[in-house]
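Novice: Work out the full structure, taking the sequences as your base and the hints as a guide.
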Amino acid sequence: MTPDINPIVLFFASVFTSNILLANFLGMCSFIAISKDFKSANGLGLAVIIVLLITSVLNWAVYHLILVPLNLEYLRFIVFIIVIAASVQILEMVIDRISPALYMTLGIFLPLITVNCAILGVVLLLQIRNYSFVQSAVFGLGSGIGWWIAIISLAAIRKKLEKAPIPAGLKGPGITFITIGLMAMAFMGFSGILSVQ
Amino acid sequence: MKGSDNIFDKLSRIRGLKRFATIFSTLKGIVYGVQEISVGAPHIRDNIEIKRYMSCVIIALMPAALAAIYFHGLYVLAIIAVSYVVGGLVEVSFAVIRKKDIEEGFLVTGIIFPLTLPPATPLWIVAVGAFFGVLFGKEVFGGTGRNIFNPALVGRLFITIAFPGVMSGVYKMPLSDAITSATPLGLFKADHVITPVWDLLLGMSAGSLGEVFRLGIIAGGLFLMFIKVSNFRIPIAYLGTVALFAFIGGFFAPNVFAPPLLQLLTGGLLYGAFFMATDPVTSPMTNSGKWIAGILCGIFTVLIRTFSGYTEGVMFSIILVNALTPVLDTAILSIKYKAVKK
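Taken in order, these protein sequences are the chains called Y and R.
If you read the first sequence in my numbering, its first letter stands for residue 1, the second for the next number, and so on.
If you read the second sequence in my numbering, its first letter stands for residue 1, the second for the next number, and so on.
Hints listed in this document are in silico derivations from the structure and should not be mistaken for laboratory results.
It is possible that part of the hints are untrue.
Partial selection, computed: residues in chain R whose CB lies under 8 Å from chain Y [unchecked claim]: (1) Ile7; (2) Phe8; (3) Gly16; (4) Phe20; (5) Val140; (6) Arg146; (7) Val154; (8) Ile161; (9) Gly165; (10) Pro174; (11) Val281; (12) Leu303; (13) Ile304; (14) Phe307; (15) Phe316; (16) Ile319.
In this text, a Cβ means the ideal position worked out from N, Cα and C, and glycines have one as well.
Specialist: Below, the structure written as structure tokens:
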């Protein structure tokens, strides 16, 4: 059963009310590692938007057009990861070709998008919640934009905190975790506004 | 007078008390005033400093605070006292351990925080909120002027999320002891009751301590804008957006959106817009950033009030905008100085 949700509503729900990072806590590792620097945070955020859009569309097609007719649903984890890895590889080559500077800043983290929990998480959520094709595309795009907003706001906050006299033991990851916690608390205000399933 | 004459300097030289030197120097500052002479230009003749800024805010909050005491009795004084004592202890122990000066920030936080609470909040919850707000909202970020989020709101938000049952059931009508959970916004959400405007302005409605006497809050807010302690852009953008959004929403779905006047006068909106969204530390530096922040606050407030499970959206929206403030500043500065960079 495809849930009856207007794609526009689903888009705003995935950006704000069920933000993939601050409400579902997926994709934390790169969120914390890359947010040290605003420029690479911005680049990674944009890359995640593109990868999420591409992979959610591709995986929807692969699941519904190949796996379901062949009764191979049990292979979905492996197949999803392979599709994600392949599309990230292609994107990597494209970025290397178009903007070597961005390619250098992203460095190891572009291949690491493959194992970004946000990507696999979104793809699995699509499948569990039984979204239609349009809903999947919109949900992937919205989740990516939500991830991007969260990482650039955290990167800007961390830049502001660089010179603050934070207690020595809390510098770096400590204060970042506290900041993320407070941001997530604020996002709780949106709970119950829009539903995603 | 020579600095070495007074009792506080003598006390701070006693060997066992050296650790607490920061406390004595603060007391000295309060009793004798600041006697430091500026070394380099510019020599500003007015000795305005953070303490005086803070006292302006406290004066502006007085009408609301006194009204709260009149409406709800001496228990309000106990709430304020607990907030000051707990917040002050956190501040002083941080200053002593980190060997820094005691900062004046908590003087304002200590009064802003209790005024956001419902009248019958248990004192231990007040203490938890004040502790969390001052510690995780401010001290871990490096103290006054370094916080990303408004400390009073961090405390309020924490206790709202941690003790939802307690925090929604401790509202009272003024001058009575009957406990109720029916605030004007809650009444609208449940039964579409519209509370009369004069009741709202004079404070005859259930609500948090500092929010009900709206005439006093408006007067205090205008006073702050007039002496230029707070910036006029954020409150105007905030209140204007709420009114406009509620008007447009009410046009299409009158039973869902509360009407503009009710939106403006209920909840902590006036209090939040005048005293918390304008906090110079957590609001954007640029003027265009201030307009944008006010507008975002307004949109989030109406959205959360109208559609979410919470009846009140002011604190969530201000904290959300606090989180977005550094990005707004970065984006605006990079747009403004694009020409310079090239």
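Novice: So which of those numbered hints doesn't the model satisfy?
Specialist: 1, 2, 3, 4, 9, 10, 11
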